[in-house]
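Number of protein chains: 2
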Amino acid sequence: MTLAPQALRDLVRGIFARQGMSEAHAALTADVLVWADLRGMGSHGVMRVPRYVDFIRKGDLNVRPSIRRSHDAPGCVLLDADRAAGPIAMMEGTRAACEKAKSAGIGLALVKSTTHTAALGYYTQTAARDGFAGIALAASLPLMAYHGARAAGVSTAPLSIAVPGEEEPFALDMASSMISMGALAQARRSGQSLPEGVVLTAQGEPTVDAKTASIPLPLGGPKGSGLGFMAECLASLLTANPILAESLEQTPASKRHRQNGLVIAIDVARFVAPEMFRAQVARLTRGLRELPGDEILMPGERGSRRAAQQRDAVSIPDSVYDELKTL
Amino acid sequence: MTLAPQALRDLVRGIFARQGMSEAHAALTADVLVWADLRGMGSHGVMRVPRYVDFIRKGDLNVRPSIRRSHDAPGCVLLDADRAAGPIAMMEGTRAACEKAKSAGIGLALVKSTTHTAALGYYTQTAARDGFAGIALAASLPLMAYHGARAAGVSTAPLSIAVPGEEEPFALDMASSMISMGALAQARRSGQSLPEGVVLTAQGEPTVDAKTASIPLPLGGPKGSGLGFMAECLASLLTANPILAESLEQTPASKRHRQNGLVIAIDVARFVAPEMFRAQVARLTRGLRELPGDEILMPGERGSRRAAQQRDAVSIPDSVYDELKTL
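Note that the protein sequences, when read in sequence, are chains Z and Y. Residue numbering for the first sequence follows this note's numbering, starting at 1 and increasing by one per position. Residue numbering for the second sequence follows this note's numbering, starting at 1001 and increasing by one per position.
No lab work stands behind these hints: they were computed from the structure. Some hints here could point you the wrong way.
To be verified - Stretches of chain Z that chain Y covers, calculated by requiring three or more beta carbons in the stretch to come under 8 Å of a beta carbon on chain Y:
#1 44-50
#2 144-154
#3 216-225
#4 243-253
#5 258-268
#6 278-289
Glycine included, each C-beta is placed from N, C-alpha and C at the ideal position.
Produce the complete structure using the sequences and hints provided.
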């Protein structure tokens, strides 16, 4: 199914508005999800809408959040997101981090009690477009094996870093797992087999069979699970809203969907003239592109190219479109 | 060769003092290097001393640096390290980041023109011991393949994150490559073969033969090389001291050894009571250790255990000891 990006945004915005979100919140949430589809990250795109609606119905996602600021200091702030949709909470965090960075040089926003974070790159690239280096991470449920364990212990710990580029920002947007949950679900649907050393069964045995594949292994063993451990310490323990321990102990609180996030912004102009920074980034990319190799892409370039191709018409699976129409 | 840690520190301190370092600088540099040996990271330990002495003789490492602060703001500062030894520059950066974090909640120190960074975990763990979450990274020469290229394009981009623990801090300390330069050198000496997909020859061909192995591949393909790209943007381009582009263009400046670094500190006490944070970290580690598995270690735990074992006697290769005695 192919449709104009604005039509898809309008469709999704309408769904969230009917669920009770303000027009502004519905539009922003729609924009963040469609952005992921445009960049070819369907797993973080509008296919998530039905789950968001489920979260709303269960009371896990609050469509009329009162986001409260606390722990204000020259360089930091904590936002209690009051179970807002991830895009609402994380964009508020991004704006707060950039605002702090404008006066302090660096800004930190801790985002407590949000819901599904959506594509982190949206937030870091927004910061980068405004002249900041942006760093964001999110803490979520135990989905990925902890190194050495035969069970899920940490989240797949997404991490994004973006910097201003000559035109579009350059942005790293990675999970700390060997395979993302989205790609795993994709493999499960298609039945294609997986490489060795990527995933465990629900019982904790190594497998290459997509049908029994369940728990992604951490990228680089202790490196990936270490990143998951630290994401929880930074985003969840600094906000006094632990997710992993609650889930591992199977407390009642762990039954509710919730996430925490963190955004750091560094004001480029505080250190170097922005045009100088962008020129040096361009110089670096030139040097890397001239290396011998077949397809040398800069961080985020694949997504930017895909978004350019889909500027007028974005494709989503028919089944997803049907679900959206029903909602 | 096995000797008391203090004897090894004294030996190394003496070498640097004779090279013209102040007693304080010589002692700190020795402490950082011996710390790595104690934790079983010999590749970052005293075996580096002869290279440090080479750097001094060539004028790349300045034994009497005037470290200058600039770009001061409530949350950040830039230190021009004046080619100081990495441990001197990075510890000054760590202290500056923590001091900024104490008043602003978060602190950033950019460290320009340092030399070999040594073990990043020393700096983040120092911050964590003082009650901060510490994040550090370093930018260096192109040593690792850029994803898609058949040549080195980015550094192995070490990254460390540490948080206060109940006793010792927990610390992630990782390179962004499939194999560290230290482990690669080790394999080359022993002649043992390497796993597939880990390394290229100097000509850019995949190999498992340690003898021809030269260029580590990035961890997770574009993830590892993306981390390398961002480390350069943050540590080198914000300090207007590009390393990668200079090397890729083979400019005269690229012939000199130099690195840049970055330290971020977050004041835990600004957000939660430190004892509460430590208790929650302990709760998390308890949950993870109870997962099914054979050896489940927390970030940095292997190093802490090794350091405890070697408290009274640290072992270093005989050849390294002989070199130190000669110096």
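- Between the stretch 216-225 of chain Z and chain Y, see if three or more residues pass the 8 Å beta-carbon test, and mark the coverage as holds or violated. holds (count 4)
- Message: Tell me whether the statement that chain Y covers the stretch 278-289 of chain Z is true, taking a Cβ distance below 8 Å and needing three residues at minimum.
- Response: The restraint on the stretch 278-289 of chain Z holds, since 7 of its residues have a Cβ under 8 Å from chain Y and three suffice.
- Message: Tell me whether the statement that chain Y covers the stretch 258-268 of chain Z is true, taking a Cβ distance below 8 Å and needing three residues at minimum.
- Response: Coverage by chain Y holds for the stretch 258-268 of chain Z (3 residues, Cβ < 8 Å).
- Cβ contact check, 8 Å cutoff: the stretch 44-50 of chain Z against chain Y, three residues minimum: Violated: only 0 residues of the stretch 44-50 of chain Z have a Cβ under 8 Å from chain Y.
- Within 8 Å of chain Y (C-beta), three or more residues of the stretch 243-253 of chain Z: holds (count 4)
- Message: Closer than 8 Å Cβ to Cβ for three or more residues is the test here. Does the stretch 144-154 of chain Z pass it with chain Y?
- Response: Coverage by chain Y holds for the stretch 144-154 of chain Z (8 residues, Cβ < 8 Å).
In summary, the structure is inconsistent with hint 1 from the numbered list given earlier, while agreeing with all the others.
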